[in-house]
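**Q** What follows is the residue order along each chain.
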Amino acid sequence: MKKTISLVAALMMVSGVVAAHSFNEAFNEQRAMYGKGHSFMWNGQTYITDHPEEVAAAVEANAANAAKLLASAKAKYAEVLAVDFGWTLTAKLLKSANKALEAGDFRKSMNISAQAEYHSRMGIAQYHQSQTEWIMAVPE
Amino acid sequence: MKIIKSLLAGASIALVASITQAANSGNTLASVDPEADRLALQSYFQKRFPQVALSDYVNGIYALDAPSREQWQDIEEFPPYEFDIEEGEALFNKTFANGKSYADCFANGGIGIRQNFPRWDASQGKVVTLELAINQCREANGEEALGWKKGKIAQISAYMAYTSRDNVFDVQIPNDKAKAAYLDGKQSFYARRGQLNMSCANCHVAGAYIKIRADLPGPTLGHVTHFPVFRSKWGNLGTLQRRYGGCQKNVRGVPQKTQGEKFRNLEFFQTYMSNGLVVNGPGARK
Chain A
16 MKKTISLVAA LMMVSGVVAA HSFNEAFNEQ RAMYGKGHSF MWNGQTYITD
66 HPEEVAAAVE ANAANAAKLL ASAKAKYAEV LAVDFGWTLT AKLLKSANKA
116 LEAGDFRKSM NISAQAEYHS RMGIAQYHQS QTEWIMAVPE
Chain B
-19 MKIIKSLLAG ASIALVASIT QAANSGNTLA SVDPEADRLA LQSYFQKRFP
31 QVALSDYVNG IYALDAPSRE QWQDIEEFPP YEFDIEEGEA LFNKTFANGK
81 SYADCFANGG IGIRQNFPRW DASQGKVVTL ELAINQCREA NGEEALGWKK
131 GKIAQISAYM AYTSRDNVFD VQIPNDKAKA AYLDGKQSFY ARRGQLNMSC
181 ANCHVAGAYI KIRADLPGPT LGHVTHFPVF RSKWGNLGTL QRRYGGCQKN
231 VRGVPQKTQG EKFRNLEFFQ TYMSNGLVVN GPGARK
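Residue numbers (the working numbering), protein chains in the order written: chain A, 16 to 155; chain B, -19 to 266.
Here chain A stands alone, though its shape is the one from the complex (with noise of 0.2 angstroms):
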């Protein structure tokens, strides 16, 4: 009976130090609950709640970083569409980036630029993610 106890035991420790210590999951719990901008403590070492997309974005809003930045969320759309896991959204926001841009307003244009290619990265991590998973989804 002790055993049975203790092997439980040991098998909910198990999962609860995996999950605490997921680095993935410590970020996302960070993020959902502040946001971006936010620093949080990770096995000893200081992050912040950004998405890459989001420091790639944290530069002087000018022309050509909003160009940049739109052409690489434009090819990173791209990417996504091959692997067939767009999402609806993404093309939106690329139109109003690129809207945004012709305008001229670049700091408007780099955030919805980000946004998008964050929402393709997704995509093709949720391709990835199909793979393999979701076989756990099959009832036995």
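Where hints are given, some of them may not hold.
[Claimed, not checked] Pulled a few chain B residues facing chain A out of the computed Cβ check, cut under 8 angstroms: (1) 24; (2) 81; (3) 171; (4) 173; (5) 174; (6) 175; (7) 181; (8) 225; (9) 229; (10) 233; (11) 234; (12) 236; (13) 238; (14) 242.
[As the list claims (entries may be wrong)] Straight-line Cα separation of at most 20 angstroms, PhoX-like style, residue types lysine-lysine; simulated pairs: (15) 74/B x 107/A; (16) 110/A x 229/B; (17) 27/B x 130/B; (18) 242/B x 229/B; (19) 130/B x 74/B; (20) 132/B x 80/B.
[To be verified] Label-pair ranges, simulated between beta-carbon atoms: (21) 47/B x 58/A: 49 to 57 angstroms; (22) 238/B x 140/A: 20 to 28 angstroms; (23) 10/B x 96/A: 28 to 36 angstroms; (24) 49/A x 157/B: 47 to 55 angstroms; (25) 114/A x 213/B: 47 to 55 angstroms; (26) 151/A x 157/B: 22 to 30 angstroms; (27) 104/B x 144/A: 43 to 51 angstroms; (28) 96/A x 156/B: 56 to 64 angstroms; (29) 47/B x 51/A: 41 to 49 angstroms; (30) 176/B x 94/A: 16 to 24 angstroms; (31) 94/A x 189/B: 54 to 62 angstroms; (32) 177/B x 83/A: 27 to 35 angstroms; (33) 114/A x 84/B: 51 to 59 angstroms.
Derived by calculation from the structure, the hints in this document are not laboratory data. Cβ coordinates follow ideal geometry from the N, Cα and C atoms, glycine included.
Please build the complex by placing chain B on the supplied structure of chain A, with the hints as guidance.
**A** Relative to the frame of chain A, chain B by itself:
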């Protein structure tokens, strides 16, 4: 030391359990077993809804939800698809410019054959749905292909389904290439997609008869039997793959190509799951 041993034992059990589940479910060409999948799915729904007869799953959500069933039965007194069947019959019997007709393209003159579609076509090396076969028939006889989702193709398909009512679905998987298409469809059904990160199974297996806002998703078992359907939301008749596209948009995913390989394989998988149930299309849905 005891704790370390327990931790190792726990980790091993967890690892073995996940591998066993994957192996049993069949995620490779070598391990996939369509018949085992079909029986497992039936068993899943029979355990969840023991009061529902297997044969009643052809009625979709109306097999599970009594109030919705009552409303649907009222609708079925004057079926909204009735005129579409008549129009479909007229279109089906209309001869092409070369003097031939749809009857020349299908077994048994195209009557009472819905239950055999989609089918694996060895000569084409792909899954052929009924709608694809209709358009292939047209093109082979010098006619233009119809649009895939609604209108004439749905009407012709509805008429062909109507002539097949009560026939038992009998989709065959004759070889490894067909099995690969089935496996691809199975993966599509269970894979999450779109910004909402949802799979077909989220709504139509685990989520069947669980409210999503004001809607009750139907069970996947029996899903295909009543298509094409007249949806109140559409206000007209539509094909199964029109619905697939709508579902993918609902989870904020860019829809896959209608009658493309992915959707045809998905339909192949989903129809195989309903083997043994009868054709009751066309149907009326919310």
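**Q** For every hint, state whether the structure bears it out.
**A** Comparing the hints with the structure gives:
Taking 8 angstroms as the C-beta contact cut-off toward chain A, the hint placing residue 24/B at the interface holds, the least distance being around 4 angstroms. Using the Cβ-Cβ criterion of 8 angstroms, the hint placing residue 81/B at the interface with chain A is not satisfied: the shortest such distance is roughly 37 angstroms. Of the supplied interface hints, the one on residue 171/B holds, with its beta-carbon coming within about 4 angstroms of a beta-carbon of chain A, less than 8 angstroms. For the restraint placing residue 173/B at the interface with chain A, the shortest Cβ-Cβ distance is roughly 6 angstroms, inside the 8 angstroms limit, so the hint holds.
Taking 8 angstroms as the C-beta cut-off, the interface hint given for residue 174/B holds, the closest approach to chain A being about 6 angstroms. Annotation: residue 175/B was flagged as interfacial toward chain A, and the flag holds, the nearest CB pair being 5 angstroms apart, inside 8 angstroms. Annotation: interface hint on residue 181/B holds; nearest CB of chain A at approximately 5 angstroms, less than 8 angstroms. For residue 225/B, the suggested interface contact is broken, since its CB lies about 11 angstroms from the closest CB of chain A, more than 8 angstroms.
A hinted interface residue such as residue 229/B counts as satisfied when its beta carbon comes closer than 8 angstroms to some beta carbon of chain A; here the least separation is about 6 angstroms, so the hint holds. Among the interface hints, the one on residue 233/B holds; its C-beta lies about 6 angstroms from the nearest C-beta in chain A, closer than the 8 angstroms criterion. A hinted interface residue such as residue 234/B counts as satisfied when its beta carbon comes closer than 8 angstroms to some beta carbon of chain A; here the least separation is about 4 angstroms, so the hint holds. Checking residue 236/B against chain A by beta carbon gives a least distance of about 6 angstroms; that is within 8 angstroms, so the hint holds.
Among the interface hints, the one on residue 238/B is violated; its C-beta lies about 13 angstroms from the nearest C-beta in chain A, farther than the 8 angstroms criterion. Taken as an interface hint, residue 242/B checks out: its beta carbon lies about 7 angstroms from the nearest beta carbon of chain A, inside 8 angstroms. For the suggested pair residue 74/B and residue 107/A, the alpha carbons sit about 44 angstroms apart, so the restraint of at most 20 angstroms is broken. Distance hint between residue 110/A and residue 229/B is fulfilled; the C-alpha atoms sit about 19 angstroms from each other, no more than 20 angstroms.
Between the alpha carbons of residue 27/B and residue 130/B the distance comes to roughly 36 angstroms, so the proposed pair goes past 20 angstroms and is violated. Proximity of residue 242/B to residue 229/B is assessed by CA-CA distance (about 16 angstroms); at most 20 angstroms being required, the pair is judged to hold. With a C-alpha separation of about 19 angstroms, the suggested pair residue 130/B and residue 74/B falls inside the 20 angstroms cut-off, and the hint holds. For the given pair, residue 132/B sits about 18 angstroms from residue 80/B by alpha-carbon distance, which is consistent with the 20 angstroms threshold.
The supplied range of 49 to 57 angstroms is met by residue 47/B and residue 58/A, whose beta-carbon atoms lie about 54 angstroms from each other. Distance hint for residue 238/B and residue 140/A: a CB-CB separation of about 26 angstroms, consistent with the stated range 20 to 28 angstroms. Taking 28 to 36 angstroms as the suggested C-beta distance range, the pair residue 10/B and residue 96/A conforms, at roughly 32 angstroms. Between residue 49/A and residue 157/B the beta carbons are some 52 angstroms apart, a value that agrees with the proposed interval 47 to 55 angstroms.
The hint said 47 to 55 angstroms for the Cβ distance between residue 114/A and residue 213/B, and at roughly 32 angstroms that hint is violated. For residue 151/A and residue 157/B, the Cβ-Cβ distance of about 26 angstroms falls inside the hinted range of 22 to 30 angstroms, so the restraint holds. Our hint of 43 to 51 angstroms for residue 104/B and residue 144/A is violated, since their Cβ atoms are close to 32 angstroms apart. A C-beta distance of roughly 30 angstroms is found between residue 96/A and residue 156/B, which places it outside the suggested range of 56 to 64 angstroms.
As the Cβ distance of residue 47/B to residue 51/A is approximately 45 angstroms, the hint placing it in 41 to 49 angstroms holds. For residue 176/B paired with residue 94/A, a C-beta distance near 21 angstroms keeps the hint of 16 to 24 angstroms intact. For the pair residue 94/A and residue 189/B, the supplied restraint of 54 to 62 angstroms is violated, since their beta-carbon distance comes to about 38 angstroms. Between residue 177/B and residue 83/A the beta carbons are some 30 angstroms apart, a value that agrees with the proposed interval 27 to 35 angstroms.
In this structure, residue 114/A and residue 84/B meet the distance hint of 51 to 59 angstroms, their C-beta atoms being roughly 53 angstroms apart.
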